Amino acid sequence: MAKAVSALDGASHDGYVRVEEAGLQGMITLRGDLSLDAVRAAATTASGTEMPGTREIRAAEDRALAWMSPDELLLMLPYEEAPETVQQLQDALAGTHHLAVNVSDARAMFRLSGGPPVREVAAKLCPVDLAPGRFEPGEFRRTRLAQVAAAIWMPDAQSLQVICFRSVAGYVHDLLCDAAAPGGEVGYLV
Amino acid sequence: MLQLECPNCGVTAEETEFAQGGEAHLTRRGPEASEQEFHDYLFAKENPRGVHFERWRHVNGCGKWFHVARCTATLEIFGTYSAQTLEPPREIRDRISKKRPGWSWREFA
Amino acid sequence: MSTRLAKGGRRLDRSRKIEFTFNGKRLAGHAGDTLASALLANDQVMVGRSFKYHRPRGIVASGAEEPNALVGLGEGPRFEPNQRTTTTELFDGLTCVSQNHWPSLEFDVGALNDSLARFFPAGFYYKTFLFPRPFWKHVYEPVIRQSAGLGKAPKDLDPDRYEHFHAYVDVLVVGGGLAGLQAARAAGQAGARVLVLEQTPHWGGRAPVDGGTVDGKPVEDFIADTLSELEAMDNVTLRARTMGAAVYDHGYALGYERVADHAPGAEGPRHRLWRIRAGRIVTATGAIERPLSFAGNDLPGVMLASAVRDYVVDYGVSAGDRTVVVTNNDDAYRTAITLKQAGLEVPLILDARAGGGGPLAEAARGMGIRVENGKGIAKVKGRKRVEGVAICAQAGEGAVLEEVACDAVAMSGGWSPVVHLWSHCGGKLTWDTGQALFRPDPERAPTGADGAGFVLAAGAANGALDLAGGLADADAAGKAAAKQAGHAPGRKAAPKAETEEAAPIEPVWLMPQGAGPALRMKAWLDYQNDVKVSDVQLAAREGYTSVEHTKRYTTLGMATDQGKLSNINGLATLAGALGEEIPNVGTTTFRPPYTPISMASIAGDARGRTFQPIRRTPMHDRHEANGAYWEPVGHWRRPYCYLRDGESVEDALTREINQTRASLGLLDASTLGKIIVKGPDAGRFMDMMYTNMMSTLKPGRCRYGLMCSENGFLMDDGVVARLDEDTFLCHTTSGGADRVHGHMEEWLQTEWWDWQVYTANLTEQYAQVGVVGPKSRETLQKLTDDDISAEALTFMGWTEIDLRGIPARVFRIAFAGELSFELAVPANQGRALWDMLMEAGAEFNVMPYGTEAMHVMRAEKGFIMIGDETDGTVIPQDLNLHWAISKKKDDYIGKRAQARSHMTSPDRWRLVGLETLDGSVLPDGIYAVGEGTNANGQRNMIGRVTSTYHSPTLGRGIAMGLVKHGPERMGEVLEFGKTDGTFVKARIVEPVFYDKDGEKQNG
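Chains as they are written, first to last, in this note's numbering: chain A, 1 to 190; chain B, 1 to 109; chain C, 1 to 1003.
Bear in mind the hints are in silico, worked out from the structure with no lab data behind them.
Where hints are given, some of them may not hold.
Stated by the list, open to error - Which residues of chain A face chain C? A partial, calculated answer using Cβ under 8 Å: (1) Ser6; (2) Leu8; (3) Arg31; (4) Ser35; (5) Asn102; (6) Pro127; (7) Arg134; (8) Glu136; (9) Tyr171; (10) Asp178; (11) Ala181; (12) Pro182; (13) Gly184.
Claimed, not checked - Cβ pair distances, simulated, as ranges: (14) B:Glu32 <-> A:Ala60: 29 to 37 Å; (15) C:Asp786 <-> A:Asp33: 34 to 42 Å; (16) A:Ala60 <-> C:Ala899: 41 to 49 Å; (17) C:Glu229 <-> A:Gly187: 14 to 22 Å; (18) B:Lys45 <-> A:Ala60: 44 to 52 Å; (19) B:Thr72 <-> C:Arg552: 41 to 49 Å; (20) B:Thr72 <-> C:Tyr140: 55 to 63 Å; (21) B:Glu46 <-> C:Gly434: 42 to 50 Å; (22) A:Asp91 <-> C:Ser648: 54 to 62 Å; (23) B:Thr72 <-> C:Glu580: 30 to 38 Å.
Small disclaimer: the values here were computed from a predicted structure and weren't measured.
Here a beta-carbon is modelled for each residue, glycine too, at the ideal position from N, C-alpha and C.
Excised from the complex, chain A in its bound form (with noise of 0.2 Å):
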């Protein structure tokens, strides 16, 4: 384990907002059927959160629940524990039809930092209403961000975060910074 690298191994860049790679991130891929209590208690049990609901996430601590589609939902735990969480995932499911993969190493997630105008970089390459009061802490929107599919969500008013492949986190990195850019201010959703 000692030798995981992630894709950018947590490069940052500071414009007038911060872009940093979040470096080594659990994620655990779920899918079954959302209505099914086994199903829910899983995957609460293992996000330690309540059930998200439809387009939500729920965080507590180092892990969180989002909602990824009518019958998927993404865990986020620390990256050494999403093996073993696989595993008692299916073995708490057992019998119930459902799908549970690491994919940890296939994705790359981007911490935005430096408060309101996180939202405008975004909105630079997202087609999404990020207007305080229509996208707030609490939504995951999956979305395009440019030429790539991607999903954002802010964990507090003040940050906003990006998950993408992790075959194209040098051009979302590229990208976040060419957004975030001195001299970029749109001074529109602060």
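We have chain A; now place chains B and C onto it with these hints.
Chains B and C alone, transformed into the frame defined by chain A:
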């Protein structure tokens, strides 16, 4: 550029989040089909000026397919609904009837 | 002459001098100037030459509608042609050059075209360059290209940055004039989220120039109060230097923000393209004054009356010392009055209306200005600038009554609402006979997703041209827009302005109305494309009755200004020539953008390093350091080969292949698609997806599978591994992962939604490495204690092993035809695995090999490649892959299609190997010719090459191809026609060239 509401995740988003997937409510024809039936299944698609039913996928989003009822001439959206259905819901057909009296599309009206 | 006045210029900061150059001449203006006002202040009346006749041209307008005063702006990589001086803010160090002349603006050879103008009528090019046909390419095209094009194209890479911004509002207001501000206030007070876009740096539009009183205060104060009120509203955003460029379906609009055009090189983006979704759009885009069509109306010094007024009031610049005003409406009297008040001479006002004007005319007369009713201009005197006008009766044919010396002419043919944005998405217009203008027809607004109209016009853009009417109209539009967007409007009454009496306009489409051919040939409609009244009339005579056809035939309105000044005059002229009413002729289509926007702003971030997403594998950096010569595969970058010092690509390929076949090679196969299919119905589903029987595959085993579309065509292939009873892992081609995953999900979601199957695309979860060659097992065994012997892990088997702490799946599959293992490890440990393998393989001289070596080795084995042997028209049967098509299954995707008569024809081209008789490499894609000719007299084709390489292993060219009746013609020699007309001969052979019995891969 259209704006559509995905009935699966509830997001209203611009067209760049979606991918169009051709005509809705096709019945798949398999090995038992005659040459004509199979030809029609593959190639004889509706291409109306007016009320139309289509399949779309929320590809840059929840990844799910859904159906759209819309007017190809004005781009008015009459409604979006589940892909797991064999016909447009009554409610949407009624809405279309109010706006486009006398419409018909394949076996639906 | 034009000059800077001692006083006035409300936009100027006279304390700040700004230096700039025009055609190398050093000139000065003030902060607040536009380039146009600064040029006029320096008496630079003539600023360019016209497109076709190279006639001298000057500044006509003061805003976005300017057709003439275009310059090449900037230098080096920041040079841009066709920049409107009227919308260019003056900044220190600005450099610009005039266009369309050689050798100089003052003396231009191309002006010869003007003397020959009678020989260059509408359609000249269509009629002249028709015959003889061989001249098209070698004579006409070079000549036309030489003279075509406006301005010069920039040559260097644009150094600036551009970006997009997505905004969502209830009400978008386009235009920050009085109407736009009032509409925004009304909508803002209702609680709607409002965004107001203004193309200039200034708020309030032209209202301060025209003056007036609103709610008892001067209009300028009213604007200032409104602005501060709007700025205090949290739900209202004002954005200057941002043009509402376009309106599209479902409330989509574009704003074009010129962030740094006035400060080149500043930090940050140069342009920002706002991609806006609005519930309702209010177009408060104002109106544009129309020129009058009289002979010589294009001479430098002839300007729109409103522009003459703008330059005096806004910039303290006079267009001339003696200005003749010519009009068909009351508004132009304001110009005369303004000029007189500024101490300038107005020798004469020509009012084409026999009855003359209203109270404003009286006021002008009261100031001592001579006013002649029922008169017009027969002709403007002067060559490079206005020297005087010849006066005639408007009702006559142009007999000159008198000549009056002047150095400027201010003309007004009435006003046209800017209906562009209303019309972009299908809004229709109505002809307002009383005001002689087209205005939006509220009954036929562009409709949105809900079927209701989503654009509302306000103020002058809606035909409400006067102050009081415009304000009331804008207030109503703002309230209605907010209400339609879901916000109840307030009850606050609209501000009240004093209403002014005015005499009605009388349309004048030609001056004088009976002007003969000589005058009509010099009466310009479209300045930028050099289209005259006579051209449109000629088009009508030649049968162009549709306005759209006339436009294209004469090029009226097709220049960069898109006919902002010329369209209405042009179609009225056409209507006159056809004897039709104006509304029956109609307008041409208004297309976005309103004025040209930079291509770079449209591209936004999609340039340079972010032009496209580039997908990198976890080992990308290692390949880079190892001399990778990159090849794009979809968005992936894969090493084509690894170049060592002094090596050619061919050298590298030979080295990589020989090393791998002899000992050990490594392939980064991380790009292969990896899709998990799981569930109780997974087996049944896999049998539908693949032509093979997958449900019988045993856990721990792999099977090569084919995937077809419902049309029967082969779309992807790859090795499927069964992980457990419920779970399959499907490998796809590198470019095919998303497509295959989408294909699976499509069938699961839209056809068999009751089947219990889940899929997940795990392509990027794993780094995958092919360890290939006779020494592969030995190398791998050094890194693991797990048993990977031939007995424990047989060909087409897989197992899980531990590689010095890295968990791996190992597949015994062989794409190169050698003993080989494919390792899949978590992507984050891919680099560590790669390093470990390079180290462990060092004793065998391990080398990484690229995609081309992989291709050659698979071709030596006769393995097909999706995209080479397939092209969307090839079925597996064409490739002799019957063995991979289950006969036992009732159904699979593509089965019925493969039974269609054309698919089962014995005449289909089928896969064979090809060996040239001389050992050379067949050109890629080359066709084999057969007996006889087709209907076009060409030799019949009987096959084509699909893969062709030099095989270092065999020391000769090898190829695969699809040949009619191919497999039945083993040993036959075919002729392949090369592009140079010669032929190359190749023999049909079995497509497996190397290790036919598979002893090596089974090793």
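These are the hints, each one checked on the structure:
Checking serine 6 of chain A against chain C: minimum C-beta separation of about 6 Å stays under 8 Å; hint holds. With a cut of 8 Å, the hint placing leucine 8 of chain A at the interface with chain C is violated, because the nearest CB-to-CB distance is about 10 Å. Taken as an interface hint, arginine 31 of chain A checks out: its beta carbon lies about 4 Å from the nearest beta carbon of chain C, inside 8 Å. Checking serine 35 of chain A against chain C by beta carbon gives a least distance of about 15 Å; that is not within 8 Å, so the hint is violated.
Taking 8 Å as the C-beta contact cut-off toward chain C, the hint placing asparagine 102 of chain A at the interface holds, the least distance being around 7 Å. Because the smallest distance between the Cβ of proline 127 of chain A and any Cβ of chain C comes to about 5 Å, under 8 Å, the interface hint for this residue holds. For arginine 134 of chain A, the interface hint holds, the least distance from its beta-carbon to any beta-carbon of chain C being 7 Å, beneath 8 Å. This hint is violated: glutamate 136 of chain A has a C-beta 14 Å from the nearest C-beta of chain C, more than the 8 Å allowed.
Contact between tyrosine 171 of chain A and chain C, as hinted, is supported at the beta carbon level, the nearest pair being about 4 Å apart and thus within 8 Å. Against a cut-off of 8 Å between C-beta atoms, the interface hint on aspartate 178 of chain A holds, since the closest Cβ of chain C lies about 6 Å away. Taking 8 Å as the C-beta cut-off, the interface hint given for alanine 181 of chain A holds, the closest approach to chain C being about 7 Å. About 6 Å separates the beta-carbon of proline 182 of chain A from the nearest beta-carbon of chain C, less than 8 Å, and the hint is met.
For the restraint placing glycine 184 of chain A at the interface with chain C, the shortest Cβ-Cβ distance is roughly 5 Å, inside the 8 Å limit, so the hint holds. Between glutamate 32 of chain B and alanine 60 of chain A the Cβ separation comes to about 54 Å, which falls outside the hinted range of 29 to 37 Å. Checked against the given bound of 34 to 42 Å, the beta carbons of aspartate 786 of chain C and aspartate 33 of chain A, roughly 37 Å apart, stay inside it. Between alanine 60 of chain A and alanine 899 of chain C, the C-beta spacing of about 57 Å breaks the proposed range 41 to 49 Å.
Distance hint check: the CB atoms of glutamate 229 of chain C and glycine 187 of chain A are about 19 Å apart, consistent with the given range 14 to 22 Å. Look at lysine 45 of chain B against alanine 60 of chain A: about 50 Å separates their beta carbons, and that is inside 44 to 52 Å. In this structure, threonine 72 of chain B and arginine 552 of chain C break the distance hint of 41 to 49 Å, their C-beta atoms being roughly 27 Å apart. The hinted window of 55 to 63 Å between threonine 72 of chain B and tyrosine 140 of chain C is violated, with their beta carbons roughly 42 Å apart.
Glutamate 46 of chain B and glycine 434 of chain C have their C-beta atoms about 47 Å apart, which keeps the hinted 42 to 50 Å range intact. At about 57 Å, the CB distance of aspartate 91 of chain A to serine 648 of chain C agrees with the hint of 54 to 62 Å. For the hinted restraint 30 to 38 Å between threonine 72 of chain B and glutamate 580 of chain C, the CB-CB distance of approximately 33 Å keeps it satisfied.
Checked against the numbered hints above, the structure violates hints 2, 4, 8, 14, 16, 19, 20; every other hint is satisfied.
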